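Chemist: What follows is each chain in one-letter form.
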Amino acid sequence: MTHVTDKIAEFVFGELSASEMAEGQRHLAQCSDCRQQVESFQGTYAMLKASPDTEPPRRVLFEFEKRPTPGWIWRWLAPMATSSAVAVAIVSLSPRPQPQIIERVVQQQVAAPAPAAAQPVNYQQIVDELRAELKKRDVEQAKQFDRVRDEMMFLHRTQQALEKDTDLNSSAIQKYAANFVRN
Amino acid sequence: MKLSGLRPVDDRKIIDRVLNGDTEAFNLLVRQWEKPIYNFILRLIGDRDEAMDLCQESFMKAYRELETLKDRDRFSSWLYRIAHNACYSRLRKDQGKTFVELEPETRATRSSVESRLAVEKALQYLPEDQREVVVLKVFHSLKFEEIAAIQGAPVSTVKSRLYMGFEKLRSLLG
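Protein sequences appear in the order of chains A and B. Counting along the first sequence from 1, when you hit position 27 you're at 27 in this note's numbering, and nothing is skipped either side. Counting along the second sequence from 1, when you hit position 169 you're at 169 in this note's numbering, and nothing is skipped either side.
Chain A extracted, bound-state conformation (with noise of 0.2 Å):
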């Protein structure tokens, strides 16, 4: 090897045989202009180095269920995922090619900005809400329901209304009908 900058990335990171790195210690004490390249790259590298790594905003679990869990769980579930901090995959175990997952919200785990001891996890906390979520949801569903049975009324009413309507003028049109031949 002549020039270090030929190999810089092996070099810098230590990818070359101990002889080639030996020899390029060498040629640096003698080649300023590598040894400036090779300074440049590892300054980058360093400042690239020096962003840590960051925390995930939540935590991926897998929980493995013997039944398989019902749709209607995701379809509450699903809203709420967005809000949740942490998300947990459920695995059927029905046989492994073809397996259902589907997402579960369990805990809320937020990074503390300083450390901390480890917060204790109020289970029956969360437990609370989404009872209290799916009573919520509940009270609506029958709201909506009256809101559609009163409807239903409505346009029932205007039925008998319009069928009313028409017998009226099916025997109006008759008599007229009569007098017609009549005359």
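Certain hints may be false.
In the DSS-like style, the derived pairs of lysine-lysine whose C-alpha atoms are separated by at most 30 Å in a straight line are [to be verified]:
no., chain 1, residue 1, chain 2, residue 2
1, B, Lys-168, B, Lys-35
2, A, Lys-49, B, Lys-121
3, A, Lys-7, B, Lys-168
4, A, Lys-49, B, Lys-159
5, B, Lys-168, A, Lys-49
6, A, Lys-175, A, Lys-164
7, B, Lys-61, B, Lys-93
8, B, Lys-121, B, Lys-93
9, B, Lys-61, B, Lys-35
10, B, Lys-121, B, Lys-143
11, B, Lys-121, A, Lys-7
12, B, Lys-35, B, Lys-13
13, B, Lys-35, B, Lys-159
14, B, Lys-143, A, Lys-7
15, B, Lys-168, B, Lys-93
16, A, Lys-49, B, Lys-143
17, A, Lys-49, B, Lys-35
18, B, Lys-70, B, Lys-13
19, B, Lys-35, B, Lys-93
20, A, Lys-7, B, Lys-159
21, A, Lys-49, A, Lys-7
No lab work stands behind these hints: they were computed from the structure. None of the values given here were measured: they were computed from a predicted structure.
Since chain A is already given, all that's left is putting chain B on it; use the hints.
Modeler: Just chain B now, with coordinates in the frame of chain A:
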């Protein structure tokens, strides 16, 4: 089992357990790899919520296709490849979107938070293939051959991408 510092032999043992019916053991792999995979995707995509979705999607796909893994000692490379495919599908969908210009003041002396943000922004300036090589090499210490396998490109191309990426980053980060 202590999860930090799992070696390929540990990955292989866990995979053997999962494929022999101990499906819960898959969570050991997830716990070991979710942070590196999440950070790989985040640096590629640049959006935390999308990165989390894609991370989850990658693990789900890995679980579903675990039986197809030929070399159980190379689980990590295989997983990065799955994450790579997920990211590129999303990036192709997002083509045409603009991103925020790097502000000149980010070149000044920075706190560690500002440095992190400056690096994140600078990475978004690179074309995806260069960005991916830089991320996998600098932050995940993958070998050039491994990166070439993930990208489906020759090693020489991977090295070129790294050099070009570093050139651009040097000009952006000062």
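Chemist: List, from low to high, the hint numbers that the structure doesn't satisfy.
Modeler: Result: no hint breaks.
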